[in-house]
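Novice: These protein sequence lines are chains A, B and C, in that order. Its first residue numbered 1, the first sequence is counted upward by one per residue in this note's numbering. Its first residue numbered 1001, the second sequence is counted upward by one per residue in this note's numbering. Its first residue numbered 2001, the third sequence is counted upward by one per residue in this note's numbering.
Any given hint could be a false lead.
Claimed, not checked - Think about it this way: if two alpha-carbon atoms lie no more than 20 Å apart in a straight line, the pair counts; the simulated EDC-like pairs of lysine to aspartate or glutamate are:
no., chain 1, residue 1, chain 2, residue 2
1, C, K2065, C, E2028
2, A, K17, C, E2118
3, C, K2213, C, D2231
4, C, K2142, A, D209
5, C, K2213, C, E2025
6, C, K2142, C, E2180
These aren't lab readings, by the way, just hints derived from the structure by calculation.
Here is what each chain is made of, one letter per residue.
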Amino acid sequence: MTATLAPPSARPVPARKVPWGRYAGIAVVAVLLVVYPLVAKTSFLQTIGVTALTMAIASTGWNILGGYAGQISFGHAVFFGTGMYGTTLLVTGGWSPWLTMMPIALLAAVLGVLIGLPTFRLRGHYFSIATLAIGMMVMSILPNIQWLGATDGLSVPFLDEGFWNLTFSLRDKTEYYYTALGLFAVATVAAWLFLRGRIGSYLEAIRDDDVAASAVGVPVRRYKLYAVAMSAALTSIAGSFHVMFVTFVDPSSSSDLSLSTAIALIAVVGGAGSMWGPILGAWLVIALQEYTRTYLSATGRTIDLMMFGALIILVAVVDPRGLVNLVKRGYRRVRR
Amino acid sequence: MQDLLQALTNGAFLGAVFALAAVGLTLVFGVTNMLNFAHGDFIMVAMYAGFVCWSLAGIDPLIAIPIAALTLALVAVLVYAGIIRPVLGSTQLAQMVVTFGLLTFLRGAIQFAFTATPRRIEDPIVGGIRVVVGGVAVTGAQLVSAVGALVATGALAWFVYRTETGRALQAVGEDAAGASLMGINSGRMYGLTWALAGVSTGVAGALLINNFGIDPLAGATFGIMSFIAVALGGFGSVFGAALAGLLLGVVQGVVGLYLSGYTLTAALGIYLLVLVVRPQGLRGSR
Amino acid sequence: MTLLSVDGVTKRFGGLAAVSDVSFEVPEGTITGLIGPNGAGKSTLFSMIAGAQRPTAGRISFAGKDITGWQPHEAARAGVGRTFQLMRVFGSMTVLENLTTAAHLRHRTKASARAVAERVCAETNLGSYAHRPAATLTGATKKRLELARALATSPRLLLLDEVLSGLTPTETAEAISLIEQVHAQGITIVLVEHVMQVVMSLCPRLVVLDFGKLIFTGSPDDAVKDQAVLDAYLGA
Chain A
1 MTATLAPPSA RPVPARKVPW GRYAGIAVVA VLLVVYPLVA KTSFLQTIGV TALTMAIAST
61 GWNILGGYAG QISFGHAVFF GTGMYGTTLL VTGGWSPWLT MMPIALLAAV LGVLIGLPTF
121 RLRGHYFSIA TLAIGMMVMS ILPNIQWLGA TDGLSVPFLD EGFWNLTFSL RDKTEYYYTA
181 LGLFAVATVA AWLFLRGRIG SYLEAIRDDD VAASAVGVPV RRYKLYAVAM SAALTSIAGS
241 FHVMFVTFVD PSSSSDLSLS TAIALIAVVG GAGSMWGPIL GAWLVIALQE YTRTYLSATG
301 RTIDLMMFGA LIILVAVVDP RGLVNLVKRG YRRVRR
Chain B
1001 MQDLLQALTN GAFLGAVFAL AAVGLTLVFG VTNMLNFAHG DFIMVAMYAG FVCWSLAGID
1061 PLIAIPIAAL TLALVAVLVY AGIIRPVLGS TQLAQMVVTF GLLTFLRGAI QFAFTATPRR
1121 IEDPIVGGIR VVVGGVAVTG AQLVSAVGAL VATGALAWFV YRTETGRALQ AVGEDAAGAS
1181 LMGINSGRMY GLTWALAGVS TGVAGALLIN NFGIDPLAGA TFGIMSFIAV ALGGFGSVFG
1241 AALAGLLLGV VQGVVGLYLS GYTLTAALGI YLLVLVVRPQ GLRGSR
Chain C
2001 MTLLSVDGVT KRFGGLAAVS DVSFEVPEGT ITGLIGPNGA GKSTLFSMIA GAQRPTAGRI
2061 SFAGKDITGW QPHEAARAGV GRTFQLMRVF GSMTVLENLT TAAHLRHRTK ASARAVAERV
2121 CAETNLGSYA HRPAATLTGA TKKRLELARA LATSPRLLLL DEVLSGLTPT ETAEAISLIE
2181 QVHAQGITIV LVEHVMQVVM SLCPRLVVLD FGKLIFTGSP DDAVKDQAVL DAYLGA
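With the hints as constraints, model all of the structure from the sequences given.
Specialist: Okay, structure coming up:
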C-alpha cells in the first residue's frame, strides 16, 4: 500500500496482556503429570494414567481436524487401528516399535487424504455421516481379512524388556507411563507448532465460515487435507503405542465405533479446538470409566457408558466449549 | 434361482422396516435440521419396551405395538424438551455430539437395567405362520413386520404431506422464521416431529422383536441403515428415505446369499459410492 | 488503465437468466456503483467476479488476466477483495485474529501478518475492539470488520456488497469516510448499494442492471436523465 490512512480519531491496538494464567496452567498440569506415577503406585491407577495419555494423543490428532478445522469425524478409529495393525505387522517383521511409528503415521496420513478427497466436498452433518460410514465399513471388512488375523486378531510378538523394544514390566507400569507422557508431550508440541501460524488461522477460519475463508484467499480443500493428514498421523501414533501396551489387536479393539466416539468425544468434553481439551477430557473420561467399571459395576451391569453419555450431554448443553472453558471462567472470576 | 428369489423376498421384507426407521430419522432432520445419532437406539429401547410387555404381562408383540409407539413418543418428547431444545441455537458441534451422548447413555442405561444378555420373545402369535408362494417361504413375523412397516410409513407420509399440521411441519423445516411469521409455533412443531420419530421407532421396534434378538446394541445396525437410507434418499425426503430403506434391505438379502460376511459392507459401499458420484443423494435436489 | 473487465457475462439458473450478456469495464483507481432494483442480478454478478459462482457464458478479466471460473481463493490471491451482504465474520476469533487470517494471504509469517492486521485495525478504527470475539460485535461493527478484513488481504479491487444498508446516519457517515480513505489509497472499488443518494454522491461512475441486463453505464448526472434507468426504478 502506498499512503497510510490513519484517521485522526484512530486509536492504536492495545497490546494483549501476557497470559500468565496459561503459563501457570501449563506448569501445574506438567508437574501433576510428572508426579502422578510417584503417588499412584497401584497397577489400576497406572493403567488409568497410561490409557488416559494414549487417548489424549489420539484426541489431540482428532482435535486438529474436528476441533480446529471444524470437520467432525466419527471415524478416527480407522487411523488408530492403522497404528495398531501396522506396528504389530512391522514388529512381527523384526522392526523396533519406535521405527514403525513414523512410516505408519505417514501411511495413516495418506489414508486420511484419500478419505478426505471425496468426503471434504460434504459439509457439516453430511461429512460426519460419511466418516461414520467409512469407519463402520472398515470395521465390517476387517473380520474378513485373513492376513490381519480376521476375527481372531494379531498378537505382538514377545520382545525383551527395554526402551528400544518399547516393552517394559507390566507389574510396575511406571515406564509405560513415562513413555506415554513423553509421546504425549511430543504430539502436543507437534500439534502446537502445526497450528501456531498460518495453518492454524486458516483451519479456524474454515471452521467458522468456509465461504468467508475462501474469500480471504484460503484454499479450503487443500487446508482440510493438510488437517486430516496431520490429524490421522497423530492418532495413528497413539495406536502404535497402544498396541505395544496391550500387545494385541483385533477388529473390535481397533476400529470399533465406540473407539471413534471416544476419540472424538474426549476432545469435546475437555474442550474442542483447545490444546487443553484432549488431556483434560482424557483424564476425566478414562478415570471415570475405569472407576465405574471396576467399583460400581456388578456382572454385566455397566454404568460407565451411562456416565460418559450423561457427561457428553451435559457438556453439549451447558458449555459446548468444554471443561477448559469452565476452568477459564472460574479462573477469571477468581482474579476479579 | 429359487435361492435368489428367497433372498430378494427376505431382503424386501427387512427393507420395509429399514424404510420405516429411516422415515422417522429423515423427518427430524428435515424439520429441525438435526441428526439424531441415537435414532437406532430408540428402536432398541422400543424392542425392550415390547420385551417388558411380553415378559411381565404376557402381552404379545403385536398388541404391544401401540404401547411401544406411545412409550417412544414420550421418550422422544422428553429427550427433545430436555436436551435437544437447549442446543438448537448452539454450535453445530454441540448439536452433533448431544445425540451421541444420548446414544451412549441409552446403551448404558439399558445394559444396566437388563444386562448385556440377549433376550428373545418365545412363541409370538405370528411365530407359527409360514406361507409358501411359488417355492418362496415367508414367515408370519416377516409378513407382519413388512405390512406393519409399510402401513406406518404410509401413515407418516400421509400425515406430513396431506394434513394441515403436516404442511406446517414442512413450512417450519424450510424456513422456521418465515413459518413463525405465519403464526406457526416452531417449538411445538419440533416437539411434534420428535414425537412422530418416536412413534416410528416404537412401531419398528415392536415389529422387529417377532424375529430379532434383543440386546443393548441391537439398535446399531438399524441406526446405521437408517442413516444410509436417509443419505441415499436425499436428506429430508420422506419418499426417498423409504425407497432407499427398501433398496438397502434387498441389497443386504442378495449380498448375504453370496458373500455372507459382507452385507453391511455392501450397504455402506453403495452409500459411499453414491456419495462420490452424487453427494446430494439419489432423490435430493441439492 | 482497465483493471476489471466484464465481457458478455451470463448466468443461468435452470432456465432463468439471473445475469444476461453484461459487459462493462472498471478503470483502475475509480469508485463504481453497481445499482439496480431488487433481483436485478447485482449479487450474482459480484459472486462471479469473486469466483464464488461460475458464469454460464462470457469472460471476466482482472489486471489483464482471464479469471473466468477461478476459485474464490484464486481470485482473492489475484487481488479481488470482497465483503458479504449477510455478514460472515469469523465469529470465534477476535477482531485482530480475523484480520491476521486475511493478512496471511500475502504474509507467511505470523509476525508480519500480525503487523499488517494491527495497522489495518487502527486505520479502520477497530482498535478498541481488537481483542473482542467477532461474534459479540454489533451489526455496524461487523460490517466495518468485513471491510477491514478485505483490506487486510491487500486487494487491488474491493467489492463491497451493501456495506451501508442498515446503518444509522452517523454510522453511514463514518462508513462513507472510510470508503473514501480506502479509495484515496489507490484501491479500486465497486460497490453494490440500493441507497441511491449515497451512491450518487460517492460514485462518479454507475453501472445499472435491471432484470439481469445492463441498462446504463455512465455518470450519476446522466443516469437520472436516462429513460431506462427511470423506468427501472420508478415505472412498470
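Novice: Give a verdict on every hint.
Specialist: Consistency of the hints with the structure:
| no. | hint | result |
| --- | --- | --- |
| 1 | C:K2065 x C:E2028 | holds (14 Å) |
| 2 | A:K17 x C:E2118 | holds (15 Å) |
| 3 | C:K2213 x C:D2231 | holds (14 Å) |
| 4 | C:K2142 x A:D209 | holds (14 Å) |
| 5 | C:K2213 x C:E2025 | holds (15 Å) |
| 6 | C:K2142 x C:E2180 | holds (19 Å) |
In summary, this structure violates none of the numbered hints.
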